[in-house]
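> Here's the letter readout for the chains.
2 protein chains.
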Amino acid sequence: MSKNQNNEKFPGYSKDVIDILEKFLVKIWSIIEIKTKTTEYKGILLPRSKFSEPGFIEIKLDNGYNIGVKLSKDIEIKILGKREGKYNVPEKSFPINKKLPNIKLFGTGGTVACRLDYTTGAVIPAFTPGELFSAVPELANICNLDTEIVFEILSENMKPSSWQKLAEKVEKEANSGIDGIIIGHGTDTMSFTSAALSFMLKDLSIPVVLVGSQRSSDRPSSDSALNLINAATVAAKSDLAEVVVCMLGSSSHKYGLIHRGTLVRKMHTSYRHTFRTIGNIPLGKVENGKITMFQNDYHKRIKSETKTLLKFEEKIGLVYSYPGMTNDIINFYVDKEYRGIVLAGTGLGHTSTYIFDSIKRAIEEGIIILMVTQCLNGFVGMDVYSTGRNLTQLGVIPGKNLLPEVAYVKLGWVLGQTQNPDEIKSLLLKNIAGEFLEREIPISFNYNADEL
Amino acid sequence: MSKNQNNEKFPGYSKDVIDILEKFLVKIWSIIEIKTKTTEYKGILLPRSKFSEPGFIEIKLDNGYNIGVKLSKDIEIKILGKREGKYNVPEKSFPINKKLPNIKLFGTGGTVACRLDYTTGAVIPAFTPGELFSAVPELANICNLDTEIVFEILSENMKPSSWQKLAEKVEKEANSGIDGIIIGHGTDTMSFTSAALSFMLKDLSIPVVLVGSQRSSDRPSSDSALNLINAATVAAKSDLAEVVVCMLGSSSHKYGLIHRGTLVRKMHTSYRHTFRTIGNIPLGKVENGKITMFQNDYHKRIKSETKTLLKFEEKIGLVYSYPGMTNDIINFYVDKEYRGIVLAGTGLGHTSTYIFDSIKRAIEEGIIILMVTQCLNGFVGMDVYSTGRNLTQLGVIPGKNLLPEVAYVKLGWVLGQTQNPDEIKSLLLKNIAGEFLEREIPISFNYNADEL
Numbered sequence: 001m002s003k004n005q006n007n008e009k010f011p012g013y014s015k016d017v018i019d020i021l022e023k024f025l026v027k028i029w030s031i032i033e034i035k036t037k038t039t040e041y042k043g044i045l046l047p048r049s050k051f052s053e054p055g056f057i058e059i060k061l062d063n064g065y066n067i068g069v070k071l072s073k074d075i076e077i078k079i080l081g082k083r084e085g086k087y088n089v090p091e092k093s094f095p096i097n098k099k100l101p102n103i104k105l106f107g108t109g110g111t112v113a114c115r116l117d118y119t120t121g122a123v124i125p126a127f128t129p130g131e132l133f134s135a136v137p138e139l140a141n142i143c144n145l146d147t148e149i150v151f152e153i154l155s156e157n158m159k160p161s162s163w164q165k166l167a168e169k170v171e172k173e174a175n176s177g178i179d180g181i182i183i184g185h186g187t188d189t190m191s192f193t194s195a196a197l198s199f200m201l202k203d204l205s206i207p208v209v210l211v212g213s214q215r216s217s218d219r220p221s222s223d224s225a226l227n228l229i230n231a232a233t234v235a236a237k238s239d240l241a242e243v244v245v246c247m248l249g250s251s252s253h254k255y256g257l258i259h260r261g262t263l264v265r266k267m268h269t270s271y272r273h274t275f276r277t278i279g280n281i282p283l284g285k286v287e288n289g290k291i292t293m294f295q296n297d298y299h300k301r302i303k304s305e306t307k308t309l310l311k312f313e314e315k316i317g318l319v320y321s322y323p324g325m326t327n328d329i330i331n332f333y334v335d336k337e338y339r340g341i342v343l344a345g346t347g348l349g350h351t352s353t354y355i356f357d358s359i360k361r362a363i364e365e366g367i368i369i370l371m372v373t374q375c376l377n378g379f380v381g382m383d384v385y386s387t388g389r390n391l392t393q394l395g396v397i398p399g400k401n402l403l404p405e406v407a408y409v410k411l412g413w414v415l416g417q418t419q420n421p422d423e424i425k426s427l428l429l430k431n432i433a434g435e436f437l438e439r440e441i442p443i444s445f446n447y448n449a450d451e452l
Numbered sequence: 001m002s003k004n005q006n007n008e009k010f011p012g013y014s015k016d017v018i019d020i021l022e023k024f025l026v027k028i029w030s031i032i033e034i035k036t037k038t039t040e041y042k043g044i045l046l047p048r049s050k051f052s053e054p055g056f057i058e059i060k061l062d063n064g065y066n067i068g069v070k071l072s073k074d075i076e077i078k079i080l081g082k083r084e085g086k087y088n089v090p091e092k093s094f095p096i097n098k099k100l101p102n103i104k105l106f107g108t109g110g111t112v113a114c115r116l117d118y119t120t121g122a123v124i125p126a127f128t129p130g131e132l133f134s135a136v137p138e139l140a141n142i143c144n145l146d147t148e149i150v151f152e153i154l155s156e157n158m159k160p161s162s163w164q165k166l167a168e169k170v171e172k173e174a175n176s177g178i179d180g181i182i183i184g185h186g187t188d189t190m191s192f193t194s195a196a197l198s199f200m201l202k203d204l205s206i207p208v209v210l211v212g213s214q215r216s217s218d219r220p221s222s223d224s225a226l227n228l229i230n231a232a233t234v235a236a237k238s239d240l241a242e243v244v245v246c247m248l249g250s251s252s253h254k255y256g257l258i259h260r261g262t263l264v265r266k267m268h269t270s271y272r273h274t275f276r277t278i279g280n281i282p283l284g285k286v287e288n289g290k291i292t293m294f295q296n297d298y299h300k301r302i303k304s305e306t307k308t309l310l311k312f313e314e315k316i317g318l319v320y321s322y323p324g325m326t327n328d329i330i331n332f333y334v335d336k337e338y339r340g341i342v343l344a345g346t347g348l349g350h351t352s353t354y355i356f357d358s359i360k361r362a363i364e365e366g367i368i369i370l371m372v373t374q375c376l377n378g379f380v381g382m383d384v385y386s387t388g389r390n391l392t393q394l395g396v397i398p399g400k401n402l403l404p405e406v407a408y409v410k411l412g413w414v415l416g417q418t419q420n421p422d423e424i425k426s427l428l429l430k431n432i433a434g435e436f437l438e439r440e441i442p443i444s445f446n447y448n449a450d451e452l
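If you're matching them up, the sequences are chains A and B in order. Just so you know, the first sequence maps onto residues 1 to 452 in this note's numbering. Just so you know, the second sequence maps onto residues 1 to 452 in this note's numbering.
Looking at chain A on its own, in the form it has when it is part of the complex (with noise of 0.2 Å):
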């Protein structure tokens, strides 16, 4: 498969598609129709981003959706009409205003600050100040804005070194005299990034605020510029230094929730309002331009030197645990020499006693097992059930609130602090970054997010 060009005519396609494309008179923005043996698909041919996968045509469907369609030999494209899209939108210089706060925004290749252009629909990535202004101009109200491309990939693709690259960045601009960070990032692993970042970075002393976009921001119903927004300002303005996730927080989506980094998860395939904060309520809410907190228990500003804590064991697994399930599955963690587990059980922390055999062999080797609840809700309590006080008694740690996620990051994390087997158990039952209740909330059980 060939790779993408930097072709003026068909920005982001890769040569066997554009051979395809010239072949057949196509121009981008040329509404067509593409026949292949099994399939067929009208709407606007679309520009690409140069990191778009190669082999693949791009069309806006009518219903606002994009599409990639694999490039086949049997493909057949009809032009159907043609849209005025213009590719470079005007870019205005971001204006600089010496009483508002200076604030950095890291992309990492979520879809958020794509521009939004609403000649075409198209979605292309926009990430200059000056785009972003053009996009967005409320956000000259609120900030001075630097932008830094850091990666452009899917979030499903993060891995814990784009976690420690993040960290690093954060850290340098933090101690450069930044007001405030902004992260976009990809909503899908965005809750695994905010809970690395919390425990990687210490003594942070300004927010740090990831946001994504559900929408992308040529659909009408697109998240991406509210939430840019609302996350510029607690960027600029709240006196939070913490790692949080804000996005838009009710069903309404007048406002925005500041969730704190360990505690959030995204709790929605395509809903606007998808995370939530488990076991609590958020920690605040920002809605046009003015941020209530809900709570006093935080990290406040202070004039401290950011350090970050980076190292992290890959070598850990995360395992949820279900009726039928057998000892094979923790033995080849074992057997391919992991540290560490994250067992998801059941209930309060049970999990089959028919696999205990393998937890006794992987705790004996030296795996440190920490067991979380598959429920997501509440606490572990291994105490209560026969079943539990076995586990515990074969040396698992309960987890007591962690999110599966928080606690596979935490796991890593501590693992790559220590190798001593006292400090291991010690940090991990430590509240580091929030990530520990020291009671849950019951109204976050069944909180309902328009009427926070």
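Worth flagging that the hints you see were computed from the coordinates, not collected in a lab. Treat the hints loosely; a few may be bogus.
Chain copies aren't distinguished; within one or between two, either way the pair holds.
Claimed, not checked - Okay, derived cross-link-like pairs now, DMTMM-like style, lysine to aspartate or glutamate, Cα gap no bigger than 25 Å in a straight line:
hint: 1; residue 1: K336; residue 2: E364
hint: 2; residue 1: K360; residue 2: D328
hint: 3; residue 1: K430; residue 2: E314
hint: 4; residue 1: K336; residue 2: E314
hint: 5; residue 1: K360; residue 2: D74
hint: 6; residue 1: K27; residue 2: D383
hint: 7; residue 1: K300; residue 2: E168
hint: 8; residue 1: K315; residue 2: E337
hint: 9; residue 1: K35; residue 2: E148
hint: 10; residue 1: K15; residue 2: D383
hint: 11; residue 1: K360; residue 2: D383
hint: 12; residue 1: K336; residue 2: D357
Go by the hints and put chain B onto chain A.
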């Protein structure tokens, strides 16, 4: 470790424990203090079920929890006092009223049917109809009750063979003219069992109601009696012919909610209103003996012969994806000749592209991969982003709105029904037992159970 003895003075205890208890002149119901090198507990010595784990001394603490103290050589017991206790509560015979429906209660080992011994506060399994009548006399106003212990295991130890045995029992009773069935079940894996029975039972003619208890019946906050009364009401009076879960639905605990067996999940470790229908509101509710259905789209009681489709392929796995996941996880399942994997991906149904190699290999070797979302809420949408499209091109099957646990049960069941790849795919995508939603009900994501 010695086995539990059929000992009248120390029911449910193993010989090694009895020796120690006799040495310290302790009796059942004595108020004692147990000291070991590391711990110290005060409470009432309890009789145990014969199914309890040997090697433990079980006491009831002041907070209402029962705890098992493991026997050790350095153990010391001091008698602090004695409470009058009786091990046999009076058993009245369950009154028969020919006007009331006949209900069968199957026991599997959950704590729902424990005897309420108010004198001592002890938990002792109560299971004959007469014992249940003594404990929960309201049952006699609802139905004529017969009971049968199918097995007595912790719900985390349920296996596919347990589901098969239960399905056969239900089939037999349903075809013998019983009016409804209650299954007492531990809450940990109740939703796995409800899904399994939903798929395994065909043309079900009566309601099958799974019920459990989040707090044992000796605690003041117990939900045992109320859940049992609600479940009996649904089994006796509802016009349902489906497998449902009926458990307390709101934090006020005024009513029980009726959840479809294929759309329900345990969402809290300890709350009594732990079960939630995902993607929809519950089927209905039951309060003070009155059933209110919220929906009309369910199978109604019908004169039909209930059949079973029991076969289940056990060589299947349930894997949640996460950043940093490597190919060796999926490769393990291929190497071990598993036949199917449920992948709970991120967002709309994504995994890191770094594990595409192993996914490709698995599918080439005939392994079925069914994609669901770890968000739990919403549908997978694998045509929206390139990662999803690539995964479907590799042959991954999108699991729509299936919960990961339900997908696991359905995959095993489908692979038990047919070996034909086209039939497997077609059955996986067919709505067999109400597991697929035509569309999601938005309120389901936010519903406050107190207001249903």
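> My question is about K430 and E314: at a cut-off of 25 Å on alpha-carbon distance, are they close within one copy, between copies, both, or neither?
within (21 Å within a copy, 39 Å between copies)
> Quick one: K35 to E148, C-alpha cut-off 25 Å, is that within a copy, between copies, both, or neither?
neither (40 Å within a copy, 62 Å between copies)
> For K336 vs E314, is the C-alpha pair at or below 25 Å within one copy, between two copies, both, or neither?
Intra 12 Å, inter 24 Å, cutoff 25 Å: intra and inter.
> Reference check for the pair K336 and E364, CA-CA at most 25 Å: within, between, both, or neither?
both (15 Å within a copy, 24 Å between copies)
> For K360 vs D74, is the C-alpha pair at or below 25 Å within one copy, between two copies, both, or neither?
Between copies only: 24 Å across chains, 57 Å inside a chain, cut-off 25 Å.
> Evaluate K336 and D357 at a C-alpha cut-off of 25 Å and name the case that applies: within, between, both or neither.
Both. Shortest intra-copy (17 Å) and inter-copy (19 Å) distances satisfy the 25 Å Cα cut-off.
> From the Cα coordinates, with 25 Å as the cut-off, is the pair K27 and D383 best called within, between, both, or neither?
between (67 Å within a copy, 24 Å between copies)
> Pop the pair K15 and D383 into one bin, within, between, both or neither, using alpha-carbon distances up to 25 Å.
Between copies only: 24 Å across chains, 63 Å inside a chain, cut-off 25 Å.
> My question is about K300 and E168: at a cut-off of 25 Å on alpha-carbon distance, are they close within one copy, between copies, both, or neither?
Classified as within; 21 Å inside a copy, 61 Å across copies.
> Tell me, please, which holds for K315 and E337 at an alpha-carbon limit of 25 Å: within, between, both or neither?
both (8 Å within a copy, 24 Å between copies)
> Please work out whether the CA atoms of K360 and D383 approach to 25 Å or closer within one copy, between two copies, in both situations, or in neither?
Within one copy, since 18 Å is at most 25 Å while 43 Å is not.
> From the Cα coordinates, with 25 Å as the cut-off, is the pair K360 and D328 best called within, between, both, or neither?
This pair counts as both: shortest intra-copy Cα distance 13 Å, inter-copy 22 Å.
The structure shown violates just one earlier hint, number 9.
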